[in-house]
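Q: Next come the chains, spelled out residue by residue.
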Amino acid sequence: MNDMSKYISSTVKSIPPSGIRKFFDLVSQTEGVISLGVGEPDYVTPWHIIEECFYSLEKGYTMYTSNAGLLELREEIAAYQKRKIGVEYSPANEILVTIGVSEAVDLAMRVLLEPGDEVLVPEPCFVSYSPGAVLAYGKPVSVPTYDHDEYRLKPEVLEKYITPRSKILVLAYPNNPTGGIMRAEDLQALVDIIKKHDLIVISDEIYCELTYEGKHVSIASFPGMRDRTLVMNGFSKAFAMTGWRIGYVCGNKDIIAAMTKVHQYTIMCAPIMSQKAAIEALRNGEPEMLKMVADYNNRRKIILKGFKEIGLDCFEPKGAFYCFPSIKISGMSSEEFCEKLLLEEQVAVVPGNAFGSIGEGFIRCCYAASIPNLETAIEKMGNFLRRHQKD
Amino acid sequence: MDLEKKILALIEHDAKMPHKTIATILDIEESQVTEIIAKLEKEKVILGYNTIIDWDKMGDDGVTAMIDVKLTPEREVGFNRAAERICRFPEVRSVYLMSGTYDLSVIVEGKTMKDIAWFVSHKLSTLDQVQSTVTHFILKRYKEDNFVFDEPQQDRRLVVSP
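Line by line, the protein sequences are chains A and B.
Going letter by letter, the first sequence gives residues 1048 to 1438 in our numbering.
Going letter by letter, the second sequence gives residues 19 to 180 in our numbering.
The following block holds chain B by itself, in its conformation from the complex:
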C-alpha cells in the first residue's frame, strides 16, 4: 500500500514519468513499477490519463461553463440518481456534489456558447430533479490542475555558482 501511494504521488502531476525513473527513486525493479501501475489501473484507482492543453495556442475557440445546479433530492437515493444521469452526457466534463446554496457543480464543454445554452435548456433543465441552474462561462484560464497558463518556466539562476 505504501509503495502504491508513493508511485501515485510521483505520477499524480507527471503521468509520463518513465517507469525506470520511478524505479530508481523508489529503489525497486522497473517491472515492479509496471505491475503496480497496471494493478492500480485495473482497480480503477487510476481512472485514466488526461493531457492539459492550452487550446488557445492552437487557435481553438472552445467554450467551458461551470453550471450551479439546484436539485430536488429523491427518496433513498438522494442526489445520486440525478448526478449519475448528468454524468452520462458526453459534453459534461466534471460533476461535483457541493455544500452551500446549490447542490451540483457541473462543468460542461462545448464548441460555442450556443452549444452550452442548448445543453442547459434542452438536457439539463428538463430533468425532473433539476429545480434551477445558473451558468457561468469561463472567460480565461489562468491555472488548471497545477499548471499555470502562459508562465515562462525559465531557470533564472546563474549557470555556475559556489
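Extracted from the complex, chain A is given alone in its bound form:
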C-alpha cells in the first residue's frame, strides 16, 4: 500500500489524536470490563421522544429543513433559554441548530479567528476546543484550573494568559471532566476582564441541567455579555440523546449569520428527524429529565463516598456526571494507573491528561453507570489501591 501521509496537511498533522482514542483501543481488547470511561448517559432516550421521531417519519418528514433549523424548534429553544438562563434570543436570526455542540464549537472558531488569534482554553476540559482552534488556524492557549479552586476559572489566572492576540475564551461549565461549576459570583469576576480585553466567549453549557447545587448561571446573562457570548447547548446529556447529534448555538445575529453561512455549505442542516425529536424533548421532556438528573445525583453521592472510603482524594463535583479524583497516592502517572487498573481489575476510567496536561495525576470516572456496577468498580479500585499504594 502506498504511503499517502505526505498528502495530509501540516495543520491536521499537527494535532495529536485524542488521548481517549488510544485508551479506547486498549479497553476494546479487554473482556468483562466495568466501564466508568464513557462520556454519555446510561439511559436510552425517553420513549416519548423516540416515538415522536417515528411519527414525524411516518408523516413523511424526511426532507431538508432551513439551514438554521426548523423555526418551530428555534422557537422552543428561545423559550427554553429564556426560562433557563434568562436571556432572550430571536428565533428568526439568533439561533442556529447544529450537529451537536461540537459543530457549533467548530463553526465559532472558523468564523471568529484570524490566523494566529488566540483561544483561551481553561483545562482540564473536553477534548475538542484546542484542535478546533488549530483547525481554524488559531492558537489554543491552555489556562489551568485547579482542584483547590474547585476547577473554577479564576480571574487572576486568566489574566496571566491574555495577550493582544487573545480573541476567544472557552467556558465549559458544568465541566467535563471535573464536574466543576461556575457560580454567579465566579462568572461576575470574569466579566470585566472579558470586556476589557474584548473577548468573545464560547459558553458550552451542554451539562447545564446536570447541576446539583444551586442553579445554573450563564455568563450571557450578565449585563453587556449577551452579544459577546455564544451560548452552546444540546440534547445529548439532559435528554440522553447523544446519538441523535443535535445541538444549537444562540448569540448575536451577526455572528450567528456568519456561522449559518459556513453551516449551509458544510452541513446544510441538522437531520430533520433529530430536530423533530428535539422539539418533543423541549416541550414534554422535563419530567423524565428531572428523574434522570435525580438518579445521577444519587450515584454522585455513592461514588464520592466510595472514593473517600478507599482513600481516593476527590473534589466534590457539583455538575455533569464525572468525578475527577487525584491518584497521587498511587505514585503512578494517569496513563499507567488507567492501564494497570484495566488489566488488573477490568475497570475502565480515563486518564486525566486526555483533558489537558494539567489533568496529569488525575482520572476521570463517569458515574452514569448502574449502582451495582458503581459499587463493584469502587471495590475493585479499592483493591487496586491497596496493592499499589505508594509507601
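These aren't lab readings, by the way, just hints derived from the structure by calculation.
Where hints are given, some of them may not hold.
To be verified - Here are the simulated DMTMM-like pairs of lysine to aspartate or glutamate, each with C-alpha atoms no more than 25 Å apart in a straight line:
#	chain 1	residue 1	chain 2	residue 2
1	A	K1338	B	E30
2	B	K158	A	E1098
3	B	K161	A	E1392
4	B	K38	A	E1356
5	B	K38	A	E1392
6	B	K24	A	E1333
7	B	K38	A	E1333
8	A	K1427	A	D1342
9	A	K1352	B	E53
10	A	K1129	A	E1256
11	B	K38	A	E1098
12	A	K1348	B	D133
13	B	K24	A	E1422
14	A	K1348	B	E53
15	B	K60	B	E30
16	A	K1338	B	D32
17	B	K88	B	D133
18	A	K1262	B	D20
19	B	K38	A	E1363
20	B	K38	A	E1426
21	B	K24	A	E1335
22	B	K24	A	D1342
23	B	K38	A	D1342
24	A	K1355	B	E48
25	A	K1338	B	E162
26	B	K24	A	E1098
27	B	K23	A	E1333
Assemble the complex: chain A is given as a structure, and chain B must be docked to it using the hints.
A: Same frame as chain A, now just chain B:
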C-alpha cells in the same frame, strides 16, 4: 415524612437496594434507614416484598386470568363486603374496584385453565352479590410492575468516549 417518602421512592422498584446505599444517597446513617424501613413495615405502609419471576424460563405453565366481576352493592357496605370475601381466596392475587361497565377486576392464578374455571364457577359466581363474570386469560406477559420480559438489558455504549 419526607425522608420516609424518599426511602420508599428508592426501594419501590428495587426492594433489595442495600441499606448502606440508601444511607449514602440520603446522607443519613445506615441504622436510621433500617429503623425507618422497620417502622414502615410495622405500619403496613410497606405490605411486603414480591419477586417478579419469569416462570416461563423455568418451564412452568401456570395460568393467570383477569376476571371482570359485576356485583350487586349492599346497603351500608357497598362493594366492600363482597370484595373482602373475594380477597380471602388464596388463588386471588389482586382485587381492584373499577370505574366503568363492571365493578371488580380480580386477578387469579392457577396451575391450569381448569383450576380457574372451577374457581369461577364454584367459588366466585356462587357468591350472592355476584351478578356476572367475564374471564380473560393472560396469553403472554410483556411487562409486569415496570419489568419488561425478554428485554436484552445490554449497555450498547462505547466503553470509552470523550
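Q: Just to be careful, I want the Cα atoms of K1427(A) and D1342(A) compared with a cutoff of 25 Å; is the pair within it?
A: Status holds; Cα separation ~23 Å.
Q: Below or equal to 25 Å on CA atoms is what counts here, so check K24(B) against E1098(A).
A: violated (31 Å)
Q: For K24(B) and E1335(A), compute the direct alpha-carbon distance and say whether it is at most 25 Å.
A: At roughly 17 Å apart (the allowed maximum being 25 Å), E1335(A) and K24(B) satisfy the hint.
Q: Run the distance test for K1338(A) versus D32(B): straight-line Cα separation, threshold 25 Å.
A: Holds, at roughly 16 Å.
Q: Would the pair K1129(A) and E1256(A) pass a check requiring their Cα atoms to be no farther apart than 25 Å?
A: holds (14 Å)
Q: Does the structure keep K24(B) and D1342(A) at a Cα separation of 25 Å or less?
A: holds (12 Å)
Q: Mind checking the alpha carbons of K38(B) and D1342(A) for me, to see if they're no more than 25 Å apart?
A: holds (17 Å)
Q: Between K161(B) and E1392(A), is the straight-line Cα distance small enough, at 25 Å or below?
A: Not satisfied, since the Cα-Cα distance of roughly 36 Å exceeds 25 Å.
Q: Would you mind confirming whether the straight-line C-alpha gap from K88(B) to D133(B) stays at or under 25 Å?
A: holds (21 Å)
Q: Does E53(B) lie within 25 Å of K1348(A) when you go C-alpha to C-alpha?
A: Roughly 21 Å between the alpha carbons, so the hint for K1348(A) and E53(B) holds.
Q: Would you mind confirming whether the straight-line C-alpha gap from K38(B) to E1333(A) stays at or under 25 Å?
A: Status violated; Cα separation ~30 Å.
Q: Given the hint that K1352(A) pairs with E53(B), does the C-alpha gap stay at or below 25 Å?
A: holds (22 Å)
When the structure is compared with the earlier hints, violations turn up for hints 3, 7, 11, 12, 26 and for no others.
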